[in-house]
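Take the sequences, apply the hints, and build the full model.
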Amino acid sequence: MARLNHDRPATVILAAVVLLLLILSWAGESSAQDDPVRPAFQSGFRRGEFTDGEQRTRAIRLWYPTTAAAGKIAYAGGQEGVVALDAPVAPGAHPVVLFSHGLWSNPESTAFLIEEMARSGFIVAAVLHQDGTTAEKGGWEKAALPRFEKPGEWDERSFVDRRNDLSALLDHLLKEDSFLQGRINRDAIGAMGHSMGGYTVLGAVGGWPSWRDRRIRAALLLSPYILPYLDRGPLSGVEVPVMMQGATLDLGITPSLPALYEKLASPKYLLVLKRQTHLAWLNMICRGRTTADAVREVPNARLIAQYSVAFFDHHLQGGGNGLLTRANPALASYRFPDPKN
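Just add 317 to the spot in the sequence shown (first one is 1) and you have the numbering used here.
For the record, the hints were derived by calculation from the structure and aren't laboratory data.
By construction, the Cβ of each residue, glycine as well, lies at the ideal position given by its N, Cα and C atoms.
Heads up, a few of these hints could be off.
Pairs of lysine-lysine residues, derived as DSS-like cross-links and limited to a Cα-Cα distance of at most 30 Å, are as follows [as the list claims (entries may be wrong)]: (1) Lys591 - Lys467; (2) Lys585 - Lys467; (3) Lys580 - Lys467; (4) Lys657 - Lys580.
Derived DEER-like restraints, expressed as beta-carbon distance ranges [stated by the list, open to error]: (5) Arg364 - Gly639: 35 to 41 Å; (6) Gly569 - Arg531: 28 to 34 Å; (7) Gly469 - Arg373: 26 to 32 Å; (8) Ala644 - Gln498: 39 to 45 Å; (9) Gln372 - Asp655: 46 to 52 Å; (10) Ala582 - Ser650: 17 to 23 Å.
The following block contains the structure:
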């Protein structure tokens with residue numbers, strides 16, 4: 318297992334660099350210049366668990382569209398959310414998006430985005446991976462630190478438990494006795510993930526052929542760790558639309574994304590936020606606001622929500638793709654399929 322360097326001067330320097338990057342990202346916010354997010358619902362929210370055929374109990378989080386009134390709640394980590402706790406699901410069959418969180422994180426850490434997707438009509442479901450954290454356990458549940466500096470050593474066994482979590486979660490959601498019975502559009506299932514969650518989702522749509530879950534029809538990768546896939550030849554197993562999101566100050570991840578973009582078949586998208594870091598997809602982008610206020614008032618939070626909703630709306634439900642197929646000066650860069658093809 319890789320050893321962490323606990324040298325105090327190095328730690329101080331690293332902390333200073335992170336603080337500087339955060340200050341630069343906050344200073345770089347400007348007015349959003351594109352289509353506003355127009356939610357049709359409130360966001361419902363439930364915490365729960367399920368036991369699968371392996372007799373393993375998994376903690377889960379569900380966000381979903383509801384017509385019930387929403388109020389404020391405190392998420393893990395203290396972020397203030399705006400949801401209708403344990404409310405009924407809005408009538409109709411809704412698309413489902415599975416969410417995979419980052420290493421040593423938890424699903425609630427990206428609530429600002431997930432809530433907005435629920436308000437836009439999506440059911441978003443997440444498992445707390447075994448390498449994650451949870452307030453109920455009072456701290457870290459650490460897995461062995463992976464060798465990020467040696468991606469060539471990774472293979473289909475690397476974090477396969479995360480892939481198994483996603484498939485077990487989807488099996489659970491589709492059961493007839495699920496809380497979501499009659500509320501899922503089984504032909505409109507996607508997945509998204511941040512950081513190691515992006516690694517997980519890319520594997521689940523064919524990045525690792527043995528991981529592929531053909532029920533997943535679109536993949537959104539948020540500052541994903543994808544280096545293990547770059548030396549594996551063509552990614553011919555990935556046959557679904559893929560969007561990647563990166564950021565100009567995301568120095569450890571975003572520079573690798575163009576190489577993956579070239580390996581993917583179309584439709585594929587790659588957007589880069591201005592003056593943001595690897596942490597842009599976490600609730601700290603809210604900067605003291607509620608999750609709902611952040612999407613309205615913080616331009617990059619709004620852009621993340623706009624493009625995420627537009628991607629799944631188009632590729633899971635056949636919605637319009639106007640936002641997806643034009644340049645946007647609010648972004649540092651944006652690559653997308655030629656709409657004429």
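Proposed proximity, Lys580 with Lys657 (alpha carbon, max 30 Å): At roughly 21 Å apart (the allowed maximum being 30 Å), Lys580 and Lys657 satisfy the hint.
Gln498 and Ala644 - C-beta distance against the hinted 39 to 45 Å: Holds: the Cβ-Cβ distance is about 43 Å, inside 39 to 45 Å.
30 Å limit on alpha-carbon distance, applied to hinted pair Lys580 and Lys467: It holds: about 20 Å lies between the C-alpha atoms, which stays within 30 Å.
Gln372 paired with Asp655, Cβ distance criterion 46 to 52 Å: holds, 50 Å
C-beta pair Gly469, Arg373: status relative to the range 26 to 32 Å that was hinted: At roughly 31 Å between Cβ atoms, Arg373 and Gly469 fall inside 26 to 32 Å, so the hint holds.
Consistency of beta-carbon spacing, Arg531 to Gly569, with hint 28 to 34 Å: 32 Å Cβ-Cβ, so the 28 to 34 Å window holds.
Range hint 35 to 41 Å (beta carbons of Arg364 and Gly639) holds or violated: holds, 36 Å
30 Å limit on alpha-carbon distance, applied to hinted pair Lys585 and Lys467: holds, 27 Å
CB-CB spacing for Ser650 and Ala582 relative to the 17 to 23 Å hint: holds, 21 Å
Pairwise hint evaluation, Lys467 against Lys591, where the allowed Cα distance is 30 Å at most: At roughly 29 Å apart (the allowed maximum being 30 Å), Lys467 and Lys591 satisfy the hint.
The structure agrees with every numbered hint stated previously.
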